[in-house]
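Same order as they appear, the protein sequences are chains Y and H.
Take the first sequence: its position 83, counting from 1, is numbered 98 in our numbering, and each next residue is one higher.
Take the second sequence: its position 98, counting from 1, is numbered 159 in our numbering, and each next residue is one higher.
Treat the hints as calculated values from the structure; they're not laboratory data.
In this text, a Cβ means the ideal position worked out from N, Cα and C, and glycines have one as well.
Misleading hints may appear alongside valid ones.
Under the rule of at most 27 angstroms between Cα atoms (straight-line distance), these lysine-lysine pairs were calculated in the DSS-like manner [said to hold, decoys possible]: (1) Y:Lys59 / H:Lys129; (2) Y:Lys42 / Y:Lys77; (3) H:Lys129 / H:Lys99; (4) H:Lys66 / Y:Lys59; (5) Y:Lys59 / Y:Lys77; (6) Y:Lys42 / H:Lys99; (7) H:Lys132 / Y:Lys59.
Simulated restraints on C-beta separations [as the list claims (entries may be wrong)]: (8) Y:Gln65 / H:Lys129: 44 to 52 angstroms; (9) H:Glu119 / Y:Glu78: 45 to 53 angstroms; (10) H:Pro70 / Y:Gln65: 17 to 25 angstroms; (11) H:Gln63 / Y:Arg122: 20 to 28 angstroms; (12) Y:Gln32 / H:Lys117: 46 to 54 angstroms.
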Amino acid sequence: NAGVMQNPRHLVRRRGQEARLRCSPMKGHSHVYWYRQLPEEGLKFMVYLQKENIIDESGMPKERFSAEFPKEGPSILRIQQVVRGDSAAYFCASSGVDTQYFGPGTRLTVL
Amino acid sequence: DQQVKQNSPSLSVQEGRISILNCDYTNSMFDYFLWYKKYPAEGPTFLISISSIKDKNEDGRFTVFLNKSAKHLSLHIVPSQPGDSAVYFCAARGNSGGSNYKLTFGKGTLLTVNP
């Protein structure tokens, strides 16, 4: 039973480029969450999605960031025109009814 | 405003002894608490959780205690093993403004278990 999958594990982008982070939830899970961890910080909630619906995006920056969880395929976190401050570890989690299980994360580095 | 606080950035214990990791919270709407363990370059791994209707939950070597009146919880690991060395995150979830799924994390405590 595969856990939460994220790819790529490491992503390097230059300022102004786009970053696309993918997350496949655990089998049977229909809830996906994205969190961001800055250096020396805890994880911060960004967005909660169910299939084809954004339930709560209160933690997402207002500009440049978007997320989707289509009917088919993985959830995508998209960051347009990346800046150095976007460098962080981005974790996806999925859940059934209760506990959230996390993927290994994508480490984004913006040069 | 840090709603979940882990005031000890690090903790060092001897193998076989008890490790006690502490966590304080400020939001009285939190009603479910979780502990995650994280190794470098990996995602957080769920360890144990507790609902606010309980004051203790035990799973093998791990026990979580909740003191609602003090808004404090602790994770006890006994006996501690070198493989327990990792960063431990306390997280809370609550029915606050309809958000009963969003996890609020502390900054973590680095536990080192010395052989």
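Do the hints match the structure? See the list:
no.	hint	verdict
1	Y:Lys59 / H:Lys129	holds, 24 angstroms
2	Y:Lys42 / Y:Lys77	violated, 31 angstroms
3	H:Lys129 / H:Lys99	holds, 26 angstroms
4	H:Lys66 / Y:Lys59	holds, 13 angstroms
5	Y:Lys59 / Y:Lys77	holds, 15 angstroms
6	Y:Lys42 / H:Lys99	holds, 22 angstroms
7	H:Lys132 / Y:Lys59	holds, 21 angstroms
8	Y:Gln65 / H:Lys129: 44 to 52 angstroms	violated, 31 angstroms
9	H:Glu119 / Y:Glu78: 45 to 53 angstroms	holds, 46 angstroms
10	H:Pro70 / Y:Gln65: 17 to 25 angstroms	violated, 36 angstroms
11	H:Gln63 / Y:Arg122: 20 to 28 angstroms	holds, 24 angstroms
12	Y:Gln32 / H:Lys117: 46 to 54 angstroms	holds, 50 angstroms
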